[in-house]
Amino acid sequence: MTSDTLPPKPKRFLWIWLLFAALVLILIARNLEINFTTLIWGYQDIIEYFSRYGRPDFSEWRHYSALMLQTIAIAFWGTVLAFAIGFALAPFASLALTPGKISHQTARETLNFLRAVPDLMLALIFVSSIGLGPLPGILALGFHTGGFLGKFFSESLDCVPHGKYDAIAAVGANFPQRVMFAGWPSVMRETAGYTLYIFDRNVRMSSVLGLVGAGGIGLELHDTLRLFNYNQATALILFLIGTIFSIDYLSTFVRSKLK
Amino acid sequence: MKMTLMATKTSIWQWPTLSGRPPLLAVLGPLGVVLLLVVSANLVEFSFMHIIRSGRPFIDFMQNLLVMPDWVFMPQLLTKMLETVEITLLATAIALVISFPLGILAAKNASPCPLIFNVTRNLLSVIRSLPELVWALVFVSALGLGPLPGVMALAVVTVGFMGKFFAESIEVVGENAVEGIQAHGANRLQVIWYSMLPQAMPDFIGSLLYILDHNLRAAAILGLVGAGGIGYDMVMSMRLFNYNRIILIVMSIYLLVTLLDRLSVRLRMKLIHGQAREALQ
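Going down the list, the protein sequences come from chains A and B.
The first sequence finishes on residue 298 if you use the numbering used here, and the numbering steps up by one all the way, no holes.
The second sequence finishes on residue 265 if you use the numbering used here, and the numbering steps up by one all the way, no holes.
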């Protein structure tokens, strides 16, 4: 009796989709000439290889700490630049606050462009145009993550109850006043949270900027691995893990307090 | 008359606090940031002269980019771009399979015991803390050049991120459905499968799209260390100053990333907020 009253079971095509996905992935692996079975057969070599990372050599820890500090400083400067870009562009990119359609589109497309080019590629471009050093790294991180922060900020500004904007506009506030007195104060917490998240991400990224000559600890790691100095490479990797892990933990903690 | 006008002018720009003075945080925050910037200026070798002197070479470089693209490079570019996309898809799929169970173990309300929860969570954190390129460096020196180390490096880092996102989307599911299923005598696995996963799914697909987006960008630069994809060609043309190739590579990466970005924004809006929100966008 119950089977008569129940509605028909919805048809599901999940299995077909999964099969299709598996097929595509196999074709991709073929095309890339990747053979995972060799990986499985070579497990002894793999274990042997990773055992070379067993003896960290911390004898040059002073040098490493200096490099790590520089890495964090690059990330910090990059984040400040990114915040400045986001702070300047987000009110224009936000639909609720923007003074006009053209400025809205321009700001949004600028942010999209900044986001689209990967930061290491930007660093590569800056290094070959203005030379080696931390400055191209800061610029690359700042411009790339500025695109992200601008987008995040403008989305938060859009989510503010529109009554606040209407209220302050009704007493005769112009665009900068609406932004400064209704916009930013309403999204302060989220803004701080996003900026911390971006700083966290920038520390991670700035540790590899050295690969293209843009300062920080990355170049040292690259060189030690090139020279097969596994002991020093292990020390560097442990340094990196420790620093990034603690900054990640700290920023998560502060962000959870902000909410 | 003039005096009152002045008075109203100044009163408009008062701070909207009771005392009319700026709040303490609005003064101390920027001050602290500026202080930190000044302190760390030495570390990043900051100097205004350097920035001013950099203007000229940068403009020169940009002018050099305005050349006729090297169309002969086009077929190679397309194969390399395809390779980049393939690395992205394969790595994301592998990471998806691995992070699915790890995510369940790392969610506070779905994990079988606090010990497993803590271990998995911290494991994911440690995996996450090394950037893709460091993993790629290690895997390249282990497995040699080619897409395989790239796929593995990307997959490892993605497991760290996806596991965390998945755990977080499980942790915020509503209690009602969970209690409802428990009331019918469901065991732990059934509770997870029938009440937690369906609720966490839209959120999770949203983060999957975000990760796909991020991985495409990461795959584009894996080639820097010889781990496959378009990055290698980018570095090589940069070293040889082949501006007519650089412009093609940068433009194609920009187009591909933008395309995926737009697509994923559309999909995410549909998945998370339904049709109504999309109209707003």
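Keep in mind that the hints were calculated from the coordinates and are not lab data.
Warning: the hint list may mix true and false statements.
Claimed, not checked - Partial list, derived from the structure: chain A residues whose beta carbon lies under 7 Å from chain B:
1) I65
2) L66
3) R69
4) L71
5) I86
6) I113
7) W116
8) L120
9) I141
10) L163
11) S168
12) L171
13) L277
To be verified - These stretches of chain B come out as covered by chain A in the derived footprint (C-beta under 8 Å, 3 or more residues):
14) 81 to 95
15) 156 to 162
16) 187 to 193
Built from N, CA and C at the ideal position, the CB exists for glycine as well.
Consistency of the hints with the structure:
{"no.": "1", "hint": "I65", "verdict": "10 Å, violated"}
{"no.": "2", "hint": "L66", "verdict": "9 Å, violated"}
{"no.": "3", "hint": "R69", "verdict": "10 Å, violated"}
{"no.": "4", "hint": "L71", "verdict": "4 Å, holds"}
{"no.": "5", "hint": "I86", "verdict": "11 Å, violated"}
{"no.": "6", "hint": "I113", "verdict": "6 Å, holds"}
{"no.": "7", "hint": "W116", "verdict": "6 Å, holds"}
{"no.": "8", "hint": "L120", "verdict": "10 Å, violated"}
{"no.": "9", "hint": "I141", "verdict": "18 Å, violated"}
{"no.": "10", "hint": "L163", "verdict": "6 Å, holds"}
{"no.": "11", "hint": "S168", "verdict": "3 Å, holds"}
{"no.": "12", "hint": "L171", "verdict": "10 Å, violated"}
{"no.": "13", "hint": "L277", "verdict": "10 Å, violated"}
{"no.": "14", "hint": "81 to 95", "verdict": "violated (count 0)"}
{"no.": "15", "hint": "156 to 162", "verdict": "violated (count 0)"}
{"no.": "16", "hint": "187 to 193", "verdict": "violated (count 0)"}
In this structure, the earlier hints numbered 1, 2, 3, 5, 8, 9, 12, 13, 14, 15, 16 are contradicted, and the remaining ones agree with it.
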